[in-house]
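Novice: Since chain A is already given, all that's left is putting chain B on it; use the hints.
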Amino acid sequence: MTRVRVTAPRQSATAAPGRLPYPREVTEDSDAGRIFIRSLIRSQLRLALVVASGFLIILAVIALFLVYGPGVAETRILGIPLDWLVLGAGIYPVIGLSAWLYNRAAARNEARYRDLVEDK
Amino acid sequence: MNPAVGLFAFLAVSLATAVVGFYGLRISRTTGDFYVASRTVPPWWNASAIGGEYLSAASFLGVAGLILLSGTDALWFPVGYTAGYLMLLLFVAAPLRRSGAYTIPDFTEARLDSKVVRRVTSLVVVAVGWLYIVPQLHGAALTIRITTGLPSWVGSTAVVVVVCLTVVAGGMRSITFVQAFQYWLKLTALALPVVFVLLVLAGNGSEPRAPLPINPTGLAPAGAYQHISLLVALLFGTLGLPHVLVRFYTNPDGQSARRTTLIVLGLLSVFYLFPTVSGALGRMFAPELAQSGQADALVLLLPGKLIGGVAGDLLSSLVVAGAFAAFLSTTSGLVVSLSGVISQDLFGGSVRGFRLAAVLAAVVPLGFAFMTDTLALAGSVGLVFAFTASTICPVLLLGIWWRGLTDTGAIAGMLTGAVLCGGAMVLGTLMGAGNAPAWLAQPAAWSVPSAFAVTVVVSRLTKNRVPASVNRVMSRLHVPERPVATER
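If you read the protein sequences in the order shown, they are chains A and B. Residue numbering for the first sequence follows our numbering, starting at 1 and increasing by one per position. Residue numbering for the second sequence follows our numbering, starting at 1 and increasing by one per position.
Honestly, the hints are just simulated from the structure, not real lab data. Since the model is a prediction, treat every value here as computed from it, not as a measurement. A few of these clues could be false.
As the list claims (entries may be wrong) - A few chain A residues facing chain B, derived, Cβ under 8 angstroms:
(1) A48
(2) V51
(3) F55
(4) S98
To be verified - If you want the ones that stay clear, here's a sample from chain A, every Cβ over 10 angstroms from chain B, calculated:
(5) A32
(6) I57
(7) V61
(8) F65
(9) L66
(10) G69
(11) G71
(12) I77
(13) A89
Stated by the list, open to error - Covered by chain A, according to a simulated footprint, are these stretches of chain B (three or more residues, beta-carbon under 8 angstroms):
(14) 67–76
(15) 260–272
Ideal placement from N, C-alpha and C gives every residue a C-beta, glycine not left out.
Here chain A stands alone, though its shape is the one from the complex (with noise of 0.2 angstroms):
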């Protein structure tokens, strides 16, 4: 085995032996694989946007909970204050959902792209 030096980042290391970075048969070059390729970042997004968007909403609903909501400042939950426990263990498992669905989801529009390029 030799030791190869590497000195500048390549732009081909996606692309490993065999297997191609991307579907060659309908690429940005005709008509249709543009139109695919444009919704299929569009549908990527508008998924980013509203999971992002979902979680910040969640997290300003707890926020205001715990500044206004009656009786917040006075419940102890095993002896532990609501607030503490919300905030210091509660958010976690929230953005962890997230996550989970979004990767669901993400992969689910990928595997519909990739059906469409492949009917073709």
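Specialist: Chain B only, in chain A's frame:
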């Protein structure tokens, strides 16, 4: 605390880093292993490595210290640090992996087909990296001073020397292994003492000196503006951090980049429970640390204060080891990605140039660290996130999702963000912590939208400069790789 404890822990973690580095080096030899470690690195290792590199002095020491100081207000910091990764997942992870770019300047150059954009991005990336290394060195200085009684400069210099040696010697070629090891070291180093302290407290039934919600410093709670501005900085700053991007390159494809990010989110969520509990314990049992200005040292001092004896010393040395793992991993990650950028743009990309750049990348922030004072660690890292969010984030997000971005727009946006946010940071520092008004102390809420607006408006005005390659690059970013048979 026994001074030998801190020294021993520091030496042990440096040695362990070197050993894991060289062990990993023997596995990864070829160019393919070096760049695309993916085929040998399972997603769990990769995610641990990302977590290991991300959890810096601010997370390890700063979060607990800030919770001790300002209570529930500070709980937004770990939430923001974690949610930043959610934004990274939603908007950046898969497209950036598919771009094939190794650094942010590589990405902007490929996307906008412009050398000038590359140069400006490089400058911004180097500024971000240097700003981010300084708090790490402050953390090291604080840790050495508190645990061994040696002068502060010893700690920061020691970190720079160890990082330079490992990077220059090429030991960081197996950086994935080192970083992954350091995530688990950091988690253990925070979790074990917390669990022990809780057990001891439950055992002797000691009453907290102050109930949880009481504020030991009497500082005023932060207003809504500060919360919003902080969250803007943390949510949009994470996705532009130079050392985070490099790690995504070790994923085999866009889908696995997403899966890795999901695991990272889990790892971060688990990690941040422990500084939170440490901070809460500090408020209840060691509020005097807040008054004596040692809040950032809370996690280091807690085991000695609440357990004491040999057990306390052992746990303290574990925490010190974890703290140094945090400084070393983040600093070396930053130094590696900075020297990549500096050596390509300044020294033509030779190995000699890379080593020279590595020394440059580590020594300049050391000078800054000597000149500046230790701020609250989580706060000063929060400012770096604000700077990243105002400069790199608009270019990255618009570059990935908007065909209309032009090189002129990108440069104008980065400069606007750098001037506005950098100016606010300098002014705020000159006025001194506590004197600066909220809008100056937390600039993200106005500097990030301004940078976005300038980028979009200038791009619109220079429509004719949209690169001809835009369709090709956009489809490369977003079209899924061909499914590999082994993957399903």
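Novice: All hints are to be evaluated individually against the structure, with a verdict given for each.
Specialist: Hint by hint, here is what the structure shows:
1. A48: Holds: closest Cβ of chain B sits about 4 angstroms from A48 (chain A), inside 8 angstroms.
2. V51: holds (6 angstroms)
3. F55: Status holds, d = 7 angstroms.
4. S98: holds (6 angstroms)
5. A32: With a cut-off of 10 angstroms, A32 (chain A) remains clear of chain B, as the shortest Cβ separation is near 13 angstroms.
6. I57: Holds, since 13 angstroms exceeds 10 angstroms.
7. V61: The assertion about V61 (chain A) holds, with a minimum of 14 angstroms to chain B.
8. F65: Given that every Cβ of chain B is farther than 10 angstroms from that of F65 (chain A), nearest at about 13 angstroms, it holds.
9. L66: violated (8 angstroms)
10. G69: holds (13 angstroms)
11. G71: holds (14 angstroms)
12. I77: holds (12 angstroms)
13. A89: violated (6 angstroms)
14. 67–76: holds (count 3)
15. 260–272: holds (count 6)
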